[in-house]
Amino acid sequence: MRATAWMGTDRVKVIDVPDPRIMNARDAIVRVSTTAICGSDLHLYHGYIPGMRKGDILGHEFMGEVVEVGPQVRNLAVGDRVVVPFPISCGHCSSCQRGLYSVCENSNPNAGIAEKTMGHSPAGIFGYSHLLGGYAGGQAEYARVPFADVGPLKVPDEVPDDQAVLLADVFPTGYMGAEMCDIKRGQVIAVWGAGPVGLLAAASARLLGAERVIVIDRFPYRLRLAQEHLGAETINYEEADVLDTLNEMTAGRGPDACIDAVGLEGHHGNAAMYAYDRAKQATRTETERPFALRQAILACRSGGVVSVIGAYGGFVDKFPMGAFMNRSLTLRTGQCHVQRYTRPLLERIQRGEIDPSFIVSHRMRLADAPKGYKIFQKKQDDCTKVLLTV
Amino acid sequence: MARVDTVLLPELDGPVPATLPSALGLLSVALGAGALAAPGPIARLTGLDDSPVARAVLLGVGVREVANAVGLLSGRRPAGWAWTRVAGDVMDLTLLGRALADRGGERRRRVALTTLAIAGVTAVDVLSAVRIGQARRARARVIRMQVAVTVNRSPAEAYRFWRDVENLPRFMAHLESVRADDLRRSHWVAHGPVGRRVEWDAEIIDDQPNTSITWRSLPGTRVPNAGRVRFVPAPGDRGTEVRVELRYAPPAGALGRVVAKLFGEEPEQQVRDDLRRFKQVLETGEVVRSEGSPNGISVRQQVMQRPAQPLPAFRR
Chain A
1 MRATAWMGTD
11 RVKVIDVPDP
21 RIMNARDAIV
31 RVSTTAICGS
41 DLHLYHGYIP
51 GMRKGDILGH
61 EFMGEVVEVG
71 PQVRNLAVGD
81 RVVVPFPISC
91 GHCSSCQRGL
101 YSVCENSNPN
111 AGIAEKTMGH
121 SPAGIFGYSH
131 LLGGYAGGQA
141 EYARVPFADV
151 GPLKVPDEVP
161 DDQAVLLADV
171 FPTGYMGAEM
181 CDIKRGQVIA
191 VWGAGPVGLL
201 AAASARLLGA
211 ERVIVIDRFP
221 YRLRLAQEHL
231 GAETINYEEA
241 DVLDTLNEMT
251 AGRGPDACID
261 AVGLEGHHGN
271 AAMYAYDRAK
281 QATRTETERP
291 FALRQAILAC
301 RSGGVVSVIG
311 AYGGFVDKFP
321 MGAFMNRSLT
331 LRTGQCHVQR
341 YTRPLLERIQ
351 RGEIDPSFIV
361 SHRMRLADAP
371 KGYKIFQKKQ
381 DDCTKVLLTV
Chain B
1 MARVDTVLLP
11 ELDGPVPATL
21 PSALGLLSVA
31 LGAGALAAPG
41 PIARLTGLDD
51 SPVARAVLLG
61 VGVREVANAV
71 GLLSGRRPAG
81 WAWTRVAGDV
91 MDLTLLGRAL
101 ADRGGERRRR
111 VALTTLAIAG
121 VTAVDVLSAV
131 RIGQARRARA
141 RVIRMQVAVT
151 VNRSPAEAYR
161 FWRDVENLPR
171 FMAHLESVRA
181 DDLRRSHWVA
191 HGPVGRRVEW
201 DAEIIDDQPN
211 TSITWRSLPG
221 TRVPNAGRVR
231 FVPAPGDRGT
241 EVRVELRYAP
251 PAGALGRVVA
261 KLFGEEPEQQ
271 VRDDLRRFKQ
281 VLETGEVVRS
291 EGSPNGISVR
301 QQVMQRPAQP
311 LPAFRR
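Those protein sequence lines, which keep their order, are chains A and B. With the numbering used here, letter number 365 in the first sequence gets 365, and the count goes up by one each step, no holes. With the numbering used here, letter number 292 in the second sequence gets 292, and the count goes up by one each step, no holes.
If we strip away everything but chain A, and leave its shape as in the complex, we get (with noise of 0.2 Å):
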């Protein structure tokens, strides 16, 4: 089959490789009929993540058509259309049986290694490093989806692959980012980051009775679909200080919660602040630019949610702790645990509450993934989001 491989920095290349096979009772193989390139792809794109090898398989965002199951799979047929959360979870630990999918305490065949950078190890996940469990990604026409009677969702017909697609990763990232402010009548709720997570999670603060919501970035094509679509108040922080706008928005207040949607290749309004960690991060002494995440915590209201669901990696430098402890502020993160949100999403976009897919800027063929990454990567063409059909 054909698939989307990861070639070392900066590369990526559309293979041929094996046809997947069911290597667990509790596999099946799903033909993809499409596949998203999330930015949580560039920073593997990038090289920022320990643990890839050449010719690994990327994707993780996917959906598609069950076309064989292992033999202890008995929610699922061939034929179904299901789509794939991105982390892979066996349902049985006690991780999985609290809800906390993410965080599967079997998923990750290369446990040890993790916990050698992370004290313990999340889960498994699909085509995002040997860190992660060196899975198989789904930008591919195939793929062997582990642990099939937990995760895959059925997607009723009338629900379009645009759509569906997204409940694999994006919206109920974007989701539990809104979900953990904790959100209260009358809330003002900024967001850092208006890709396709930070947009989905202003517009879940939103769905969540947000009385305002302000989404932070400097790509004005970006802001303005934060304003058509949600009616959101913008930043661009290139142009204002967001500090003072901030407070200025709230007066005085500082908003209610903050969400990070950035992760750990921010980019900041000052040149000299945006070398520095760039400087440390090339050197290796950081492996993250956490601007957005120390913005978040100065912005924040005293008392306070910072809720953090861009990607990380490994360590950041100069957390601001004197403020995120003198003012009681909350600290809420983790990869988002899909599994408790498909279905009450697919729900809520059945009901027309929402259609995720504002977001997406570019269908694709999956033979156009590399320039997929590439346009993405260079905020070329206006791109937003970018689903790769198969």
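Quick caveat, the hints were computed from the structure, so don't treat them as lab data. Errors might be hidden in some of the hints.
Under the rule of at most 20 Å between Cα atoms (straight-line distance), these lysine to aspartate or glutamate pairs were calculated in the EDC-like manner [to be verified]:
{"#": "1", "chain 1": "A", "residue 1": "K116", "chain 2": "A", "residue 2": "E286"}
{"#": "2", "chain 1": "A", "residue 1": "K116", "chain 2": "B", "residue 2": "E268"}
{"#": "3", "chain 1": "A", "residue 1": "K371", "chain 2": "A", "residue 2": "D382"}
{"#": "4", "chain 1": "A", "residue 1": "K378", "chain 2": "A", "residue 2": "D368"}
{"#": "5", "chain 1": "A", "residue 1": "K116", "chain 2": "B", "residue 2": "E266"}
{"#": "6", "chain 1": "A", "residue 1": "K13", "chain 2": "A", "residue 2": "E286"}
Taking beta-carbon pairs under 8 Å as the criterion, some of the chain A residues facing chain B (in silico) [unchecked claim]:
{"#": "7", "residue": "A5"}
{"#": "8", "residue": "P20"}
{"#": "9", "residue": "H92"}
{"#": "10", "residue": "C93"}
{"#": "11", "residue": "G124"}
{"#": "12", "residue": "Y135"}
A few chain B residues that don't get close to chain A, going by computed Cβ distances all over 10 Å [what the hints assert, rightly or not]:
{"#": "13", "residue": "R44"}
{"#": "14", "residue": "L73"}
{"#": "15", "residue": "D89"}
{"#": "16", "residue": "D201"}
{"#": "17", "residue": "A313"}
Glycine included, each C-beta is placed from N, C-alpha and C at the ideal position.
Based on these hints, arrange chain B on the given structure of chain A.
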């Protein structure tokens, strides 16, 4: 834990009985006491009674032997004291050699006989010192580890799976097979590097249903090993804490190197991996595999991991 060593691995006290240093000590006491109490008769017996210094030398030898006996019987540094005896023997043989040179007739015959007797004692001392040293090194080589994992299953379920020892190869990666001969005894086969196998028989020496299992290899095994697993209810209804203690004594030489490779440079990491697989099998039904780690968990394999893409058909 030191107690567990000797309880679980009695083989470590062989090939040298623990009494060997004491026996040498008693020999020293007898020789030393004789030399101190009756230097005259001993000098006659050994054919040295014509020498003016014989009495003084014999008294010196007696003091040396008694000191040596105290050392051997104290139980500290037995190998060192055994070699001290050898040094004393060499000294005696040197003196006897010189005595032999300037004597004749009956005295010469007695000195020769004495030399022969001391040479015999020397041989025994050398052999004992070597064996005491070997035993000490074997004990120092014993690898001990304690590893634990929490499994979301009841102690009874975890116990039941482990008690069927034929299940062990399903999660212990270095095992090729375990065959239960009866309820207590079993035959274990481990696969080593370059196709070499290590086999041994083991027996369950203590079995507390749903609580713990203790086993050890039978005497005569080239790689003495023993283990205990306890199944402790985890607090807060989180299943079972499976706590494993393992001991094994790799032999010296080529077989020892095979065993060392078998367990790798980080034996504890391998046992940790084994327990992770045990958890996977109990909680999910089998060992979880990915394209990059098709054989499941193994930290040792990480460096040679294949790319995360489906395995070629012929690999199956």
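The output says B/R44 does not contact chain A. Does that hold with a beta carbon cutoff of 10 Å?
holds, 75 Å
Holds or violated: A/K13 with A/E286, Cα cutoff 20 Å?
violated, 29 Å
Do the alpha carbons of A/K371 and A/D382 lie within 20 Å of each other, as the hint requires?
holds, 14 Å
Determine whether the non-interface label on B/D201 survives the test: each CB of chain A must be over 10 Å from its CB.
Answer for B/D201: holds, closest chain A Cβ roughly 31 Å.
Going by Cβ atoms only, is A/C93 closer than 8 Å to chain B?
Nearest chain B Cβ about 5 Å off; hint holds.
Holds or violated: A/K116 to B/E268, with C-alpha atoms at most 20 Å apart:
Answer holds: A/K116 to B/E268 is near 14 Å, not above 20 Å.
Restraint check, 8 Å cut-off on beta carbons, for A/P20 near chain B:
holds, 4 Å
For the pair supplied as a hint, A/K116 and A/E286, confirm whether the alpha-carbon distance does not exceed 20 Å.
Satisfied, since the Cα-Cα distance of roughly 17 Å is no more than 20 Å.
Minimum Cβ separation between B/L73 and chain A greater than 10 Å?
holds, 49 Å
For the hint on A/G124, does the least C-beta distance to chain B fall short of 8 Å?
Result: holds, 6 Å to nearest chain B Cβ.
If you take the shortest Cβ to Cβ gap from A/H92 to chain B, is it below 8 Å?
At about 5 Å, which falls below the 8 Å cut-off, the nearest Cβ of chain B leaves the hint on A/H92 intact, so it holds.
Need the status of pair A/K378, A/D368: alpha-carbon distance at most 20 Å?
With Cα atoms ~16 Å apart, A/K378 and A/D368 stay inside 20 Å; holds.
Checked against the numbered hints above, the structure violates hints 6 and 17; every other hint is satisfied.
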